[in-house]
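J.: My request is simple: use the sequences and hints to build the entire structure.
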Amino acid sequence: MMRTFRESVVLWGRLMRKIVRVKLLLFFALFQPLLFLLLFSQVFNRLDQLPGFAYDSYLQFLVPSIIALTALNSAFQSGIGMVTDIEDGLLDKFLIAPIRRSSILFGKVMADATRMAMQALVIVGVSLLMGARFETGVLGVGMMIVLAACFGIAWAGLSNVIALRTGNGELTMMIGILITFPVLFLSTSFMPSALLPSWLDTVATFNPITYIVEAVRALVNTGWDWDAIGKAFGVTAGLAVVTFTAATAAFRKVIS
Amino acid sequence: MPLIEVSELVKIYPGDVQAVNDITFSVEEGEIFGFLGPNGAGKTTTIRILVTLLAPTSGRAVVDGIDVMTNPEEVRKRVGYAAQFIGVDDDLTANENLVLQARLHGLSKTEAGKRSNDLLEILQLTDAAHRRAGTFSGGMRRRLDLGQALAHDPRVLFLDEPTTGLDPQNRRALWTYLRELNERGVTIFLTTQYLEEADALTRRLAIIDQGVIAVEGTPQALKDDLGGDAITVTLAAGMDGSEVDRVAGLIGQYSDAGTARTYDGAVRVFTRDAASRLADVVRALDSAGVHVARLEVSEPTLDDVFLRHTGAKMRVEEVKQRSRMMSARKPR
Ligand SMILES: Nc1ncnc2c1ncn2[C@@H]1O[C@H](COP(=O)(O)OP(=O)(O)OP(=O)(O)O)[C@@H](O)[C@H]1O
Ligand SMILES: [Mg+2]
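Sequence lines, in order, name chains A and B.
Note that this note's numbering numbers the first sequence so that position 159 is 159, with each residue one more than the last.
One rule links them: number in this note's numbering = place in the second sequence (from 1) + 256.
Treat the hints as calculated values from the structure; they're not laboratory data.
Check each hint, because a few of them may be wrong.
[Said to hold, decoys possible] The following label-pair restraints were derived from C-beta to C-beta distances:
(1) A/N168 - B/A493: 45 to 53 Å
(2) B/T382 - A/G125: 36 to 44 Å
(3) B/Q274 - A/A249: 49 to 57 Å
(4) A/N168 - B/D423: 27 to 35 Å
(5) B/M325 - A/F181: 42 to 50 Å
(6) B/P424 - A/F5: 42 to 50 Å
(7) B/M325 - A/N168: 53 to 61 Å
(8) B/G390 - A/Q42: 36 to 44 Å
(9) B/G390 - A/F44: 49 to 57 Å
(10) B/G390 - A/V43: 51 to 59 Å
[What the hints assert, rightly or not] Computed from the model, here is a short list of chain B residues facing chain A with C-beta under 10 Å:
(11) A311
(12) G315
(13) E330
(14) D520
Fair warning: this is a prediction, and the values are worked out from it, not measured in the lab.
Heads up, the beta-carbon is just placed ideally off N, CA and C, and yes, glycines get one too.
T.: If you want it as structure tokens, here you go:
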């Protein structure tokens, strides 16, 4: 256990160095979510006047969605990074070291989580500057970040499955975009449940994103909704079991 | 006891590709052992099985008394491996790449830093220690990659075509360094497509072709096997195969083996008495009215050995093509 942890930390350190070092990557990791935050909050500014819209402003409503969207995007960077490491012969370098195979995955998960938490934190900071307020305060923000990172990791499992099965970074990115957008729009991310067409509202209840967004939305706007938080973690755990089982199988296949 | 023992090793890839077809060989401690073969011969496949990255279909491979299948982790502690394609992280500095490998092999932070400094010094990368590997030249990348393989001071070093893509000067420098390493007790197993390299560096070598070991021995013994010096008759341009065969028939009797070998418009006989046989060959050619472009007496080369045991010349043009492919692969 200690050993796996030590090995994972070494590999985590490499990935963190890369994030900080490759300035362009760092920029894009933060640029896109902030752009969405600015654009969407301006374009849909007047939605708060619709009857049935129960939030103080569209910004208050939007912040959780941007956090979720960022986690989804960030998750796909994980798979792309995996393909790059395989192509560059770096995975082989880790495989010939006398370390546990699981450390390679743990180190990656830890780095993904760190990146996602940093991104969520920046979004919270910028939305504060834009005038958003967070009902549950610092603790609530902490909970949001944990939730976003956990959900991001579960989704990163999916991106790694696609990456390992296709062995192609560009293809992984395209499939990522193809999945991310419908998943986002077929949820309550951009429109409250009450205002969605009824078929879409039904579809949204089968979409894991909806549960994450709703839990974070409560934390931002109304307070500690333990029922929503419980559901969000439940859905995340279920998703993680599925994606990580598949990812581990795909990883085994690649390294055998 | 040999340090590396391979017996009846077979690797069949999905799609029924027979990459390694029942090979058996062993490497003694302290040797530089070479695996010489053309593209697709099965060199990389063999080496990847030995360093535990690939499971064989059947057969056994033992390194330092440890079976690579049953106890891969112990094998990993003992071997260093520099792959055919360089594996360095371009976003990290030379020092960071080396420290990472050392840490993964269980060295503490301080030990790893010290080890990295030593390696940078030995590989003449000290000046570039804190530069990102992405800015390195091909030769520097090769050296850094070799450094990574040496990070944990392994007993056995596996090098897959370590000098492919290097200029002659860098190649010679690397040979010198590999010899020094070997003198300090590191056993080296290397693959190569260069006959010259196998000749210069290895104490023993095996020629592998289409997944089979064609012959094995010291470079000198393999050449001696051919029977003395070679007399080569190169025919004037434009001569067809029947003329080549006719000449082979004429001079075959002067070979110690009783027959001549032919290839690429040339005919070759091997004899331990080249000086007097040469006169016989010239007389025979002259009286038969053969148009000769070149006549040459030389020591046999590994190329001859290769030709004799595989029936083909080393395909040098493929080698060139492949190194182009390698440079296209990097940098991003
Ligand atoms: N993953 C794979 N799947 C299927 N066939 C493979 C795979 N890897 C290698 N082969 C095939 O196995 C054979 C041996 O390949 P190998 O890479 O071991 O040769 P090599 O001697 O290293 O060649 P080179 O000098 O080109 O590096 C080739 O025919 C190759 O096409
Ligand atoms: Mg090869």
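J.: Does the Cβ distance between B/G390 and A/V43 fall inside 51 to 59 Å?
T.: violated (40 Å)
J.: Go through the hint on B/A311 and say holds or violated, using the shortest Cβ distance to chain A against 10 Å.
T.: holds (6 Å)
J.: Assuming the hint says 49 to 57 Å, is it satisfied by the Cβ distance from B/Q274 to A/A249 or not?
T.: violated (27 Å)
J.: Within 42 to 50 Å or not, the Cβ separation of B/P424 and A/F5?
T.: This hint holds: roughly 48 Å between Cβ atoms.
J.: Given the hint of 36 to 44 Å, is the C-beta distance from B/T382 to A/G125 inside that range or not?
T.: holds (42 Å)
J.: Between B/G390 and A/F44, does the C-beta distance stay in 49 to 57 Å?
T.: violated (42 Å)
J.: Verify the interface restraint on B/D520: the C-beta must sit less than 10 Å from at least one C-beta of chain A.
T.: Nearest chain A Cβ about 37 Å off; hint violated.
J.: That 42 to 50 Å hint for B/M325 and A/F181 (C-beta), does it hold up?
T.: Distance hint for B/M325, A/F181 holds at roughly 46 Å.
J.: Verify the interface restraint on B/G315: the C-beta must sit less than 10 Å from at least one C-beta of chain A.
T.: violated (17 Å)
J.: Look at the Cβ atoms of A/N168 and B/A493 and judge whether their distance stays inside 45 to 53 Å.
T.: The hinted range 45 to 53 Å holds for A/N168 and B/A493, with Cβ atoms some 49 Å apart.
J.: Does the Cβ distance between B/G390 and A/Q42 fall inside 36 to 44 Å?
T.: holds (39 Å)
J.: Is the distance from the Cβ of B/M325 to the Cβ of A/N168 consistent with 53 to 61 Å?
T.: violated (31 Å)
The structure fails to meet hints 3, 7, 9, 10, 12, 14 from the earlier list, while all remaining hints are met.
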